[in-house]
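Asker: The primary structure of each chain is shown beneath.
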Amino acid sequence: MSLRKPSVLPGFGLTFGFTTFFLSAIVLLPLAALVLAAASMHWADFVRVISSPRALGSYRLSFGASLLAASINLVFGLIIAWTLVRYEFPGRKLIDALIDMPFALPTAVSGIALTTVFAPNGWIGRYLEPLGVKVAYTWLGVTLALTLISMPFAVRAVQPALLEVQRELEEAAETLGAGRFYVFRRIILPTVLPALLTGFTLSFARAVGEYGSVIFIAGNLPMKTEITPLLIVIHLEEFDYQGAAALGVVMLTISFGVLLAINLLQGWGRRRHVQAAH
Amino acid sequence: MAAALPHGLAGETARPGQHTWMDAIVRWLFITVSLAFLAAVLLAPLATVFAMALAHGLAAYLHSFADPDTAAAIRLTLTTALVVVPINTVFGLAAAWAIAKFEFRGKSILITLIDLPLAISPVISGMIFVLLFGLHGWFGAWLQEHEISIVFALPGIMLATMFVTFPYVARELIPLMQQLGNDEEEAAITLGAGGWMTFFRVTLPKVRWGLVYGMVLCNARAMGEFGAVSVVSGHIRGLTNTMPLHIEILYNEYNFVGAFAVASLLTLLAAVTLVVKTLVERAGYRRR
Chain L
1403 MSLRKPSVLP GFGLTFGFTT FFLSAIVLLP LAALVLAAAS MHWADFVRVI
1453 SSPRALGSYR LSFGASLLAA SINLVFGLII AWTLVRYEFP GRKLIDALID
1503 MPFALPTAVS GIALTTVFAP NGWIGRYLEP LGVKVAYTWL GVTLALTLIS
1553 MPFAVRAVQP ALLEVQRELE EAAETLGAGR FYVFRRIILP TVLPALLTGF
1603 TLSFARAVGE YGSVIFIAGN LPMKTEITPL LIVIHLEEFD YQGAAALGVV
1653 MLTISFGVLL AINLLQGWGR RRHVQAAH
Chain Z
8 MAAALPHGLA GETARPGQHT WMDAIVRWLF ITVSLAFLAA VLLAPLATVF
58 AMALAHGLAA YLHSFADPDT AAAIRLTLTT ALVVVPINTV FGLAAAWAIA
108 KFEFRGKSIL ITLIDLPLAI SPVISGMIFV LLFGLHGWFG AWLQEHEISI
158 VFALPGIMLA TMFVTFPYVA RELIPLMQQL GNDEEEAAIT LGAGGWMTFF
208 RVTLPKVRWG LVYGMVLCNA RAMGEFGAVS VVSGHIRGLT NTMPLHIEIL
258 YNEYNFVGAF AVASLLTLLA AVTLVVKTLV ERAGYRRR
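These protein sequence lines are chains L and Z, in that order. Start counting the first sequence at 1403; every next residue gets the next number (my numbering). Start counting the second sequence at 8; every next residue gets the next number (my numbering).
These are computed hints drawn from the structure, not numbers from a lab. Take these hints with a grain of salt, some might be off.
If we take Cβ atoms under 10 Å as the criterion, some of the chain L residues that face chain Z in the derived model are [stated by the list, open to error]:
1) Leu1411
2) Phe1418
3) Ile1428
4) Ala1439
5) Met1443
6) Phe1448
7) Ile1452
8) Thr1518
9) Leu1550
10) Arg1582
11) Gly1611
12) Gly1621
13) Met1625
14) Met1653
15) Ile1664
Within a straight-line C-alpha distance of at most 25 Å, the following computed BS3-like cross-link-like pairs (lysine-lysine) qualify [unchecked claim]:
16) Lys213/Z - Lys284/Z
17) Lys114/Z - Lys213/Z
18) Lys1407/L - Lys114/Z
19) Lys1495/L - Lys284/Z
Backbone N, C-alpha and C fix where the C-beta goes; we use that ideal spot for every residue, glycine too.
Work out the full structure: start from the sequences and follow the hints.
Answerer: Okay, here's the thing in C-alpha cells:
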C-alpha cells in the first residue's frame, strides 16, 4: 500500500478496515440519510420550513441563550479555573473533581434538579420570586440549564493554559512596578486568550444542541421558550420527517461551522505557544 | 520592554509580596465567587436530587423501585449498556491501533469523523435512525413487510446509544497509544511474537487505565443518554423506556419521589464515574 508508510507491525488491514466499516455503518451513512432527506425537498419547501416564524423564534432562543451561557461561562470559567490553579483551600481537590459532574450527570437529571431548585417554591427560586425574577419556565431557565451543562468545557479549556503562565514573568513585572490589573492585561490575558476563546466556542457548541436538560425548565411555549431541537422532535412526532430533516440540516451546518472555528482557534493557540517558546 | 511599563507606579517601590492584604482580599473574592457560582448551579441541584428522593422517607424511596415499570426501565438501561459498551470498546481498540500504530494518508480526517457524534445535537443523533428505519423512513416499508421493528424498539435504542457513545473509548486510547509509541511492539514482533500476542501481552497492559476510563465514560453516557434515545424509543412504558426516559414520565406525572429516586441512581453512577476518573488520573496514566 502506497498510502501508508511501511511498518513491521501487523494488523493495519484488519483494524483500519473494521474502523472505516463501523464508522460508515453507524455514523456516516445515517448522517447521509439526513442530508438526503432534506435534499429531496423542493427548495421552496425547505426555505419555508427553516424560515417559518416558529423556526425563527426557536433559533433566536437556541442561539441567544447559548451565546449568553457561553459568555457567562467565559467569565466564571476563568474565575473558577484561576481559583483552582492559584489558590490552596480546603476542599479544592473535591471541587476540582466536581467540575466534570455536568459531563457525567445525565441531562434529564440536571433538568429536573435545576427546575426544582429554581421553581418559585424551590431552594433558590423562592428568594428570586419576591424580587420579580422568574427563572423556571422562562428564557432565563434555558440559559441557566445551558450554562450548567457547558460549564466544564470553559473551566477545563482555561485550566492548563493558566498553569502555563510564567510566574517569574508576573513577578518580574511586579518588581518593575506594574500594577495588578496591568499584569493581568499584559501577561496573563494574552497567554490564556486562545484557551478562553476555545472554551467559549466549545461551550456554545455543546449548548446549541442540548435537549434533555432544557425541556424540563423551558416551559416549551412556541415562539417563546421553544428551542430548535425541541421543534425538530415536534416535527418528528407529527411524522413530518422532511421538516425535521430540514431543521436538522440547519443545526448540522452550524455545528460544522463551530467545529471549524474550534480547529482554527486551537491552531492559533498552538502557533502562539510555539512563538512564545522561542 | 522597560519602556512599556507604567511610570506612575514607580514611586510606590512595589515589590511582590508587599501588598499582602490586597492579595488576601482578591483571593477571598475569587474563592467566594467560584464557590457561590458552583453552589448555585451545581451543588444545589445535586443535593436536591437526594432531598426530593428521600422527601417521604427511606421506605417510600425504596418502595419506588418496586414499581414494575421502574424495574423494567433499569433492566433496559443495563441491557443497552451491556451491548453498546463492549461493541464501542472493540471499535475504540481497533481505531486506536490503526491510527496510533501506522502513518497513513487521511488520518486527521478519520480522527475528525470519529469525533463527529460529539458535535451533533442528541436529537439529530436519534432522528437519523428514524429517517432510516421509521415507518415513513427509507427502509420503513420493507421493515414493516418483514415485521422487523427497529425504531420504537430495542434495536433503535441500541443504535442511537451506539451513535452518541461512539467516540468515547477511541478518544481516550488514540492520544495515549500515540504518546506511548511503537518501540515495545516492534521489539516484540521482531523477536517473533504474533500480532495478537503482541496486542494482548504488550499493548493492552500499557493502555489498560486509559481503556478503563474510556469504558467508564462510554458507560455513563450510554446509561444517561436522553435526547437521542427519546426520539427513537416511542416511550412505551415498561417496554422501551430507559431510566432517563422513565424519569421524564414520572416527573410529568408529578411522581417526584419516583422520578428523583431513579435520578438518584444515575447521580450515583455519575459520582462513581468521577471517582474512577480521579483514580485513573492519580495513577498517572492520563494523556500528556
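Asker: Give a verdict on every hint.
Answerer: Against the structure, the hints:
no.	hint	verdict
1	Leu1411	holds (5 Å)
2	Phe1418	holds (4 Å)
3	Ile1428	holds (6 Å)
4	Ala1439	holds (5 Å)
5	Met1443	violated (13 Å)
6	Phe1448	violated (15 Å)
7	Ile1452	violated (14 Å)
8	Thr1518	holds (5 Å)
9	Leu1550	holds (5 Å)
10	Arg1582	holds (7 Å)
11	Gly1611	holds (3 Å)
12	Gly1621	violated (13 Å)
13	Met1625	violated (19 Å)
14	Met1653	holds (6 Å)
15	Ile1664	holds (9 Å)
16	Lys213/Z - Lys284/Z	holds (17 Å)
17	Lys114/Z - Lys213/Z	holds (23 Å)
18	Lys1407/L - Lys114/Z	holds (12 Å)
19	Lys1495/L - Lys284/Z	holds (13 Å)
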